[in-house]
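Let chain P serve as the given structure and place chain G on it in line with the hints.
Protein chains: 2
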Amino acid sequence: MSELKNDRFIRALLRQPVDRTPIWMMRQAGRYLPEYRATRQRAGSFLDLCKNEELACEVTLQPLRRYPMDAAILFSDILTVPDALGLGLYFEEGEGPRFRKTVRTEKDLAALNSISAEDDLSYVMSAVRTIRRELGGQVPLIGFSGSPWTLASYMVEGGSSKDFRHIKTMAYDQPELMHHLLSLLADAVADYLGAQVRAGAQVLQIFDTWGGVLSAAGYEEFSLAYMQRIISQIPGEADGRPVPVIVFTKNGGQWLPAIADSGATAVGIDWTTDIGVARACIGSSVALQGNMDPSMLFASPARIRQEVATILASFGHGSGHVFNLGHGITPGVDPDNVTAFVDAVQELSVKYHQD
Amino acid sequence: MSELKNDRFIRALLRQPVDRTPIWMMRQAGRYLPEYRATRQRAGSFLDLCKNEELACEVTLQPLRRYPMDAAILFSDILTVPDALGLGLYFEEGEGPRFRKTVRTEKDLAALNSISAEDDLSYVMSAVRTIRRELGGQVPLIGFSGSPWTLASYMVEGGSSKDFRHIKTMAYDQPELMHHLLSLLADAVADYLGAQVRAGAQVLQIFDTWGGVLSAAGYEEFSLAYMQRIISQIPGEADGRPVPVIVFTKNGGQWLPAIADSGATAVGIDWTTDIGVARACIGSSVALQGNMDPSMLFASPARIRQEVATILASFGHGSGHVFNLGHGITPGVDPDNVTAFVDAVQELSVKYHQD
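Chains as they are written, first to last, in this note's numbering: chain P, 1086 to 1440; chain G, 1086 to 1440.
So that you can see chain P by itself, here it is in the shape it has in the complex (with noise of 0.2 Å):
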């Protein structure tokens, strides 16, 4: 493998020196760029795209030709494993991800494949060792997976859905099959990101996209749990170097001490979130990456560097922050205001990482 040339992500997130704060989005090889949207179109479907090595390498790639991007993230979906599973991925036109079958009951759950990544889902490992070599040691690959409760909430609910019915009244009325299906999704993305690794993934993220929808209680009994079971589980170095551990709860900005303390390298926080208070409250512990409002992105690029500032300015002086927008980015945003955000969080970071 080629030697890593910029490694101010992994720096950061381990909380080392670094000249610059780095940079990467969340979803950056997305819907906003022209270029996959025609790559997309050439592909057939989403999951055609995820399953075509080649393609899936392109699209990792593409954001990367327009902006300098501290780091590269496996163009997949979060929601792979349980598909290997044989609950049957699908997505519907502007409708989010979909499930031929759900599970609901311990003989659903019986009825799930056994699975082991390196066989399984093998076009995620053909696409990271792909990227990986294509990357030439430009910039760090992270790999992910969602997160045990991200996942289950689609498998049982059969899609996405507004209210969590189905979930969690499994949760609150049957905790011990709740607990089942949670640490079989445990050990199997803890399997999927090991293998992620094994194949050329140098940071990994977990994407606990609806952990947010749960109760204090119910997020640590739950999703954190489970995130921290995957933690202990996965290689904690590849080829001589550490591989840091992201977790992102959307809408968890009130657990983070209990999210900080689950062994994560870096803690993931979204918008809402006052970078500055979620330092002083976490960041001796661990990273932050964020966090931006996405949203913030229609905005002019005058306002966007004016925001750039403000949240480089309320996190302060020193390593140990990874910018990134506070979720992924929207569709529909001009390409140009990324540019002005990128290099707004170049140029104004400088400062902060001087003596």
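Accuracy of the hints is not assured; some may be wrong.
Any copy, or any two copies together, can satisfy a pair, since identical chains are not distinguished.
Below, in silico cross-link-like pairs of lysine to any residue (SDA-like), each with a Cα-Cα straight-line distance of 20 Å or less [as the list claims (entries may be wrong)]: (1) K1090 - I1200; (2) K1247 - G1115; (3) K1090 - L1149; (4) K1186 - Q1223; (5) K1436 - S1404.
In short, the hints are calculated from the structure, not lab data.
Frame of chain P; chain G shown alone:
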């Protein structure tokens, strides 16, 4: 007006001793009740129901006939004020509220009607008077409005939104226009709530449904400041009794200290906040209202009772707690589960109010 026979709700809001924790439910007059659905069908559209004082009174009283609630809440919509301003509120089945016109420019703003709540929302005041009369002092009547930010979000977007793209672009790029609109709305809402009090409302609640989509700084600037402005303008008492004001910001758990400083008598919290943590944080200056997960009502009566016990224990001994859900009750809940919920609060809370 009749003497108030049950003032437990008002006493708890004022943190005065009570015999047990009072309870009501957001959206307690709603679709989960078969008698509501029947009246709704008889009325025609949802707005027809709001505008018919006899039927609005009927649905307001329906939950009180089934459950020993400690408060009634005016049946109306949070968007009556923008409707009176001339935007043309309507509802498409399963789509949420929509407006025929949007407000995106100074010109749109200048075209809004000048309104007086007494005249232009007289149907609401008629409903308040009718309900208050029919209640006969059984329990206090809550009047309400949406927060300025929440009203503005529907007015600028034209309806519900996933990313609040238009209003956020206005807030970020045209803050003067945004503040102009919010000022106008704050004054209109203050006039509206004042008129509700004169018509007979004994407690007021401001529903800040969408304040939680803002950043911490944005919340204070665009939502909280205007709720403060309203609170400073509305009458502090009526008929020689104080008129408590409850502020409820969904997803506002990170900002409780700021909300508690707004001048509100009580702060509504959603289920993602631990009520014991919230009490330790702001319970010495305001009462708390909440906060069971509405989806808990899909669980078994025994599990509901257990959750009520957990929340009561978390709040602990003494007054200053109004039991409620952490958000409106979900259509599809079995009305018998609400019985289990209300009974549990009544029975299990007594011991927290004994010396």
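Okay, the hints, checked on the actual structure:
1. K1090 - I1200: neither (35 Å within a copy, 64 Å between copies)
2. K1247 - G1115: between (24 Å within a copy, 18 Å between copies)
3. K1090 - L1149: Cα proximity of K1090 and L1149: one copy only (14 Å, versus 69 Å across).
4. K1186 - Q1223: This pair counts as neither: shortest intra-copy Cα distance 41 Å, inter-copy 50 Å.
5. K1436 - S1404: The answer is within: 12 Å in one copy meets 20 Å, while 51 Å across copies does not.
In terms of the numbered hints stated before, the structure departs from hints 1 and 4, listed from lowest to highest.
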